[in-house]
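S.K.: Each chain, letter by letter, is given below.
Number of protein chains: 2
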Amino acid sequence: MPAIKSSRAEAVEAIMREFRNSGYDAASLARLSAATGLGKSSLYHYFPNGKEDMAKAAAARAVELVVEAVFEPLTGAGNLKARLQKTAAGLSKFYNGGKASCLVDLFTIGEAEAATPGLAKAMAEALLRAFAGAAEEAGHPKKQAKDIAERAVIEIEGALVLSRALRSTRPFQHMLARLPALLLTGA
Amino acid sequence: MPAIKSSRAEAVEAIMREFRNSGYDAASLARLSAATGLGKSSLYHYFPNGKEDMAKAAAARAVELVVEAVFEPLTGAGNLKARLQKTAAGLSKFYNGGKASCLVDLFTIGEAEAATPGLAKAMAEALLRAFAGAAEEAGHPKKQAKDIAERAVIEIEGALVLSRALRSTRPFQHMLARLPALLLTGA
DNA sequence: GTCTATAGTATGATAGAC
DNA sequence: GTCTATCATACTATAGAC
Chain E
1 MPAIKSSRAE AVEAIMREFR NSGYDAASLA RLSAATGLGK SSLYHYFPNG KEDMAKAAAA
61 RAVELVVEAV FEPLTGAGNL KARLQKTAAG LSKFYNGGKA SCLVDLFTIG EAEAATPGLA
121 KAMAEALLRA FAGAAEEAGH PKKQAKDIAE RAVIEIEGAL VLSRALRSTR PFQHMLARLP
181 ALLLTGA
Chain P
1 MPAIKSSRAE AVEAIMREFR NSGYDAASLA RLSAATGLGK SSLYHYFPNG KEDMAKAAAA
61 RAVELVVEAV FEPLTGAGNL KARLQKTAAG LSKFYNGGKA SCLVDLFTIG EAEAATPGLA
121 KAMAEALLRA FAGAAEEAGH PKKQAKDIAE RAVIEIEGAL VLSRALRSTR PFQHMLARLP
181 ALLLTGA
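Sequence order for the protein chains is E and P. So the first sequence is numbered by this note's numbering: it starts at 1 and just counts up by one. So the second sequence is numbered by this note's numbering: it starts at 1 and just counts up by one.
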């Protein structure tokens with residue numbers, strides 16, 4: 001079937017960007033309207049439940065993009081270490097080198113949890129699953145792979161927080177450099 | 001001099017709690033008023049610039065409390081490993097076992113940065129200095145101590161994010177268990 | 001120092017014309 | 001689908017009485 005030019009998909013992309021820049025509470029309808037170029041009525045046409053629906057769509061899209069960045073490089077060609085470096089590169093792209101934030105963090109703050117219960121938990125679990133898969137691919141037994149995945153997610157989230165606070169991408173880049181070793185050797 | 005019963009200090013404590021529970025944007029004056037038991041006018045009496053001043057006071061108090069939890073156990077008696085475990089225990093107390101958030105994270109989201117520029121950066125740097133001191137105390141050369149401190153802060157912030165998202169203190173507790181080893185051996 | 005009252009603005013959300 | 005206009009509510013902040 002022919003590709004339908006979907007302005008909704010474009011809107012979701014812009015909405016995700018806005019949420020990742022502002023967080024849930026500060027991403028007002030006015031800002032989301034400006035970010036998408038759509039009036040409020042159009043936003044409510046695509047997202048009948050307002051911000052709540054927009055947050056869900058943004059979360060779903062973010063998970064899609066992360067899976068593309070984390071999973072697909074792992075199932076490709078090349079040796080394991082090279083593929084893990086591609087994973088790191090994919091993360092760098094998704095998090096804009098450390099300048100963009102993670103919705104797992106932003107959607108656990110303020111009114112977000114009440115508005116979209118369990119959404120951040122689902123995203124975190126998707127991330128953990130992806131990294132546990134990567135660790136298993138690297139040869140670690142299931143239980144150890146889970147621990148490694150937890151540490152990987154912790155390092156990513158923490159590095160993003162610290163980079164944001166220091167207004168420097170250095171902590172994030174530094175963390176990405178040790179990520180392949182963490183997944184390979186668990187250290 | 002005799003201790004002056006300061007309702008301002010009590011208010012700061014309650015305000016800090018509210019910011020750490022809600023984040024900057026969702027901590028409305030109504031909530032801060034309810035949390036402190038003070039009317040809006042009283043809040044403006046103590047904090048003439050409103051939320052901005054309250055955020056600064058909350059940040060200053062949080063740094064005080066963390067320094068108490070991180071620094072003081074290190075300069076006390078006992079061998080190094082035991083003192084580092086006290087540090088971990090102090091962190092657990094300050095972050096309520098992983099249930100409370102860190103203002104370094106919350107104050108880099110939404111309107112907070114615009115309202116209190118550099119505040120989160122100053123807090124992050126205070127944390128980094130404290131942990132670099134701990135790592136030097138453990139015998140690491142200055143440059144390596146800085147790297148270890150960066151990893152410690154990353155793990156703390158990341159573990160808090162993940163624990164919040166999963167609604168489980170397990171990642172935070174797990175992280176605290178490996179903190180002393182990280183500061184001692186750098187691994 | 002704390003209260004009530006309120007200003008002025010922004011918010012999320014909806015109605016109805018086109 | 002998109003627009004303008006608008007609702008009711010919440011927000012930060014201030015004024016003035018006590």
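No wet-lab data here; the hints were simulated from the structure. Accuracy of the hints is not assured; some may be wrong.
Remember, identical chains collapse to one label, so a pair may be satisfied in a single copy or spanning two.
Straight line, CA to CA, 27 Å or less: simulated BS3-like cross-link-like pairs of lysine-lysine [what the hints assert, rightly or not]:
| # | residue 1 | residue 2 |
| --- | --- | --- |
| 1 | 40 | 93 |
| 2 | 99 | 143 |
| 3 | 40 | 86 |
| 4 | 86 | 142 |
| 5 | 56 | 40 |
| 6 | 81 | 56 |
| 7 | 40 | 81 |
| 8 | 99 | 86 |
| 9 | 40 | 142 |
| 10 | 56 | 99 |
| 11 | 121 | 142 |
| 12 | 143 | 121 |
| 13 | 40 | 146 |
| 14 | 99 | 121 |
| 15 | 93 | 121 |
| 16 | 143 | 56 |
| 17 | 142 | 56 |
Given the structure is predicted, the values throughout are model-derived calculations rather than measurements.
S.K.: Treating 27 Å as the Cα threshold, decide for residue 121 and residue 142: within, between, both or neither.
M.R.: within (21 Å within a copy, 38 Å between copies)
S.K.: Within a copy, between copies, both or neither: which one fits residue 142 and residue 56 at a CA-CA cutoff of 27 Å?
M.R.: neither (30 Å within a copy, 45 Å between copies)
S.K.: Within, between, both or neither: how does the pair residue 56, residue 99 come out at a Cα-Cα threshold of 27 Å?
M.R.: Cα proximity of residue 56 and residue 99: in one copy and across copies (22 Å, 24 Å).
S.K.: Have a look at residue 56 and residue 40 and pick one of within, between, both or neither, based on CA distance no larger than 27 Å.
M.R.: within (18 Å within a copy, 35 Å between copies)
S.K.: As a check of your reading, is residue 40 near residue 86 (CA-CA no more than 27 Å) within one copy, between copies, both or neither?
M.R.: Close neither inside one copy (39 Å) nor across copies (53 Å); limit 27 Å.
S.K.: Checking an output row: residue 93 and residue 121, CA cutoff 27 Å. Within, between, both or neither?
M.R.: The answer is both: 23 Å in one copy and 24 Å across copies each meet 27 Å.
S.K.: Check residue 99 against residue 121 for me: Cα-Cα at most 27 Å, and say if that holds within a copy, between copies, both or neither.
M.R.: both (23 Å within a copy, 15 Å between copies)
S.K.: Under a CA distance limit of 27 Å, which applies to residue 40 and residue 93: within one copy, between copies, both, or neither?
M.R.: neither (31 Å within a copy, 45 Å between copies)
S.K.: How would you label the pair residue 99, residue 143 (within, between, both, or neither) given a Cα cut-off of 27 Å?
M.R.: between (32 Å within a copy, 25 Å between copies)
S.K.: Treating 27 Å as the Cα threshold, decide for residue 40 and residue 146: within, between, both or neither.
M.R.: neither (43 Å within a copy, 48 Å between copies)
S.K.: At most 27 Å between C-alpha atoms: does residue 86 with residue 142 qualify within a copy, between copies, both, or neither?
M.R.: within (23 Å within a copy, 32 Å between copies)
S.K.: Taking 27 Å as the upper bound on the Cα-Cα distance, should residue 143 and residue 56 be classified as within, between, both, or neither?
M.R.: Intra 31 Å, inter 43 Å, cutoff 27 Å: neither.
Hints 1, 3, 6, 7, 9, 13, 16, 17 from the list above are not met by this structure, while the remaining hints are.
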